[in-house]
Amino acid sequence: MLEAIRSPWPWYISGPLIGLMVPILLLAGNKSFGISSSLRHICAACIPARIPFFQYDWKKEAWNLFLVAGIVLGAYLAFFYLRDQSRAPLNPALVSELGSYGIHPAESIVPVEIFNWQQLLSAKGLVVMIGGGFLIGFGTRYAGGCTSGHSIMGLSNLQWPSLVATICFMIGGIVMANFILPSILNW
Amino acid sequence: MEIVTNSTSEKFVHTDFEIASQDSQNSVPPKPSLGFYVRFFVIGVAFGILLIKSEVVSWFRIQEMFRFQSFHMYGIMGSAILVGVISILLIKKFHIRSIDGEKISLPKRTFNKGQVYGGLLFGFGWAMTGACPGPLFAQIGAGATVVIITLLSAIAGTWIYGLLQQKLPH
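Chains as they are written, first to last, in the working numbering: chain P, 3 to 189; chain C, 20 to 189.
None of these hints come from the bench; they were simulated from the model. Among the hints, erroneous ones may be present.
With a straight-line Cα cutoff of 27 Å, these simulated DSSO-like cross-link-like pairs (lysine-lysine) come out [to be verified]:
{"hint": "1", "chain 1": "C", "residue 1": "K127", "chain 2": "C", "residue 2": "K186"}
{"hint": "2", "chain 1": "C", "residue 1": "K127", "chain 2": "P", "residue 2": "K61"}
{"hint": "3", "chain 1": "C", "residue 1": "K127", "chain 2": "P", "residue 2": "K62"}
{"hint": "4", "chain 1": "C", "residue 1": "K122", "chain 2": "C", "residue 2": "K132"}
{"hint": "5", "chain 1": "P", "residue 1": "K61", "chain 2": "C", "residue 2": "K50"}
{"hint": "6", "chain 1": "P", "residue 1": "K62", "chain 2": "C", "residue 2": "K122"}
{"hint": "7", "chain 1": "C", "residue 1": "K111", "chain 2": "P", "residue 2": "K62"}
{"hint": "8", "chain 1": "P", "residue 1": "K61", "chain 2": "C", "residue 2": "K112"}
{"hint": "9", "chain 1": "P", "residue 1": "K62", "chain 2": "C", "residue 2": "K50"}
{"hint": "10", "chain 1": "C", "residue 1": "K127", "chain 2": "C", "residue 2": "K111"}
Given only the sequences and the hints, what does the whole structure look like? Please build it.
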C-alpha cells in the first residue's frame with residue numbers, strides 16, 4: 003500500500019482526487035475552491051495602504067490562509083516522505099529541447115539551473131522568477147481567479163466566464179512556452 | 020459587474036467574486052472556532068500532498084502541457100472538472116448543506132474583459148514559473164526555497180493590480 007502511495011500517481015487517480023476539493027470545501031464550511039485569493043488577503047492584512055480593493059475584513063477569509071499553510075506542509079510531507087526513486091518519464095522531445103538551454107531534469111520539481119538563489123541576480127533568473135511571479139499575481143486578480151478558482155471551481159459550477167478565463171490561461175501559456183520562453187532560456 | 024459600497028464608502032466596481040464576505044447573501048458564521056480553521060489546514064495538507072503526487076507542481080510537466088507533448092495534465096484537469104461538475108449537481112439536487120448546516124452558496128461569475136487580459140497575463144506567468152498560485156506554495160514546501168521570492172513577487176503583482184484596478188479596462 004505504502005509502495006503504491008510512494009510511486010508516481012497516474013492522472014486518473016490524482017485528477018478525480020483534486021476534483022473532490024470542490025465538494026469537500028463546500029461541505030466543510032460553504033467555501034468555494036480558490037487559492038489565488040490568499041494573495042489578496044495577504045495584501046489586505048499586511049499592506050492595505052488605503053486602496054479600496056484591499057478594504058475588507060480579511061479575517062473573515064482567514065480559512066483560505068490556513069488552507070495555503072496546509073499546502074506548504076502537505077507538499078513537504080509528500081516530497082520528502084511519500085516519494086520513491088521512480089519517475090514518470092518526460093517526453094524525450096522536451097528533454098532534448100531543454101538540454102539545448104542547459105537545463106537537465108533532475109530531482110527537483112523546478113529546473114535548478116534557473117530556480118536558485120544565485121540566479122536571482124542574473125537577467126534570466128530575474129525575468130523568470132520575479133517577472134513570472136508578478137504576472138501570476140497581477141493576472142490572476144485581474145482575471146478574478148486562477149486555475150483552481152476558475153478552471154476547477156468555476157467550470158465545475160458551469161460558469162461560462164470561467165471558461166473564457168481558462169481558455170485565455172491556456173493561450174497565454176502556449177504562446178509563452180513555445181514562442182517567448184525559449185528565447186529567454188537561451189540567454 | 021455590480022457596484023458595491025465598501026467600508027470606506029467609496030464606490031468601486033466589483034469584478035472579483037472570490038471574497039465571500041463581500042457578498043451579502045453569504046453568511047459567514049460569527050467568530051469561527053479554532054477547529055474551524057484546523058479543518059481547512061488539514062484539507063490544505065491533503066491538497067498539498069495531491070499537488071506533489073499528481074506532479075502538477077512540476078515545471079517540466081507544465082512545459083509538456085503547453086507544448087502538447089503529454090496527456091497527463093489534460094487528463095488531470097479534465098477528470099478533476101468532471102468530478103467537480105458531478106459533485107455540484109448532486110449538492111444542488113439533494114439540497115445538501117455544509118456540516119455546520121449552512122445552505123451551500125455557489126458564486127455566479129459575470130463576464131468582464133479582465134478575464135481575457137488578466138487570463139493571458141496569468142498564462143504567461145504560469146508557463147514561465149511552471150506554477151499557478153497553489154503550486155507556488157507547494158514548490159516552497161517541496162524545498163524549492165527560492166520560490167519564496169516568486170511568491171512575494173506574485174503578492175506584489177496582486178497589490179499593483181489592486182492599486183490600478185479602477186484604471187484598468189474591465
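Status of each hint after checking the structure:
Pair hint K127 of chain C plus K186 of chain C holds up; C-alpha atoms about 24 Å apart against a cutoff of 27 Å. Taken as a hint, the K127 of chain C and K61 of chain P pair is honoured in the structure, with Cα atoms around 23 Å apart against an allowance of 27 Å. Of the pairs offered as hints, the one joining K127 of chain C and K62 of chain P holds, with about 20 Å between alpha carbons and a cut-off of 27 Å not exceeded. With a CA separation close to 31 Å, the supplied pair K122 of chain C and K132 of chain C exceeds the 27 Å bound.
A hinted pair counts as satisfied when its Cα atoms are at most 27 Å apart, and K61 of chain P with K50 of chain C qualifies at roughly 10 Å. The straight-line distance between the Cα atoms of K62 of chain P and K122 of chain C is roughly 18 Å, inside the 27 Å bound, and the hint therefore holds. Between K111 of chain C and K62 of chain P the CA atoms are separated by roughly 25 Å; this keeps the pair inside 27 Å, and the hint holds. For the proposed pair K61 of chain P and K112 of chain C, the alpha carbon gap of about 32 Å is over 27 Å, so the pair is violated.
Between the alpha carbons of K62 of chain P and K50 of chain C the distance comes to roughly 9 Å, so the proposed pair stays at or under 27 Å and holds. Simply put, K127 of chain C and K111 of chain C have alpha-carbon atoms about 14 Å apart, close enough for the 27 Å limit, and the pair holds.
Checked against the numbered hints given earlier, this structure breaks hints 4 and 8; the rest are met.
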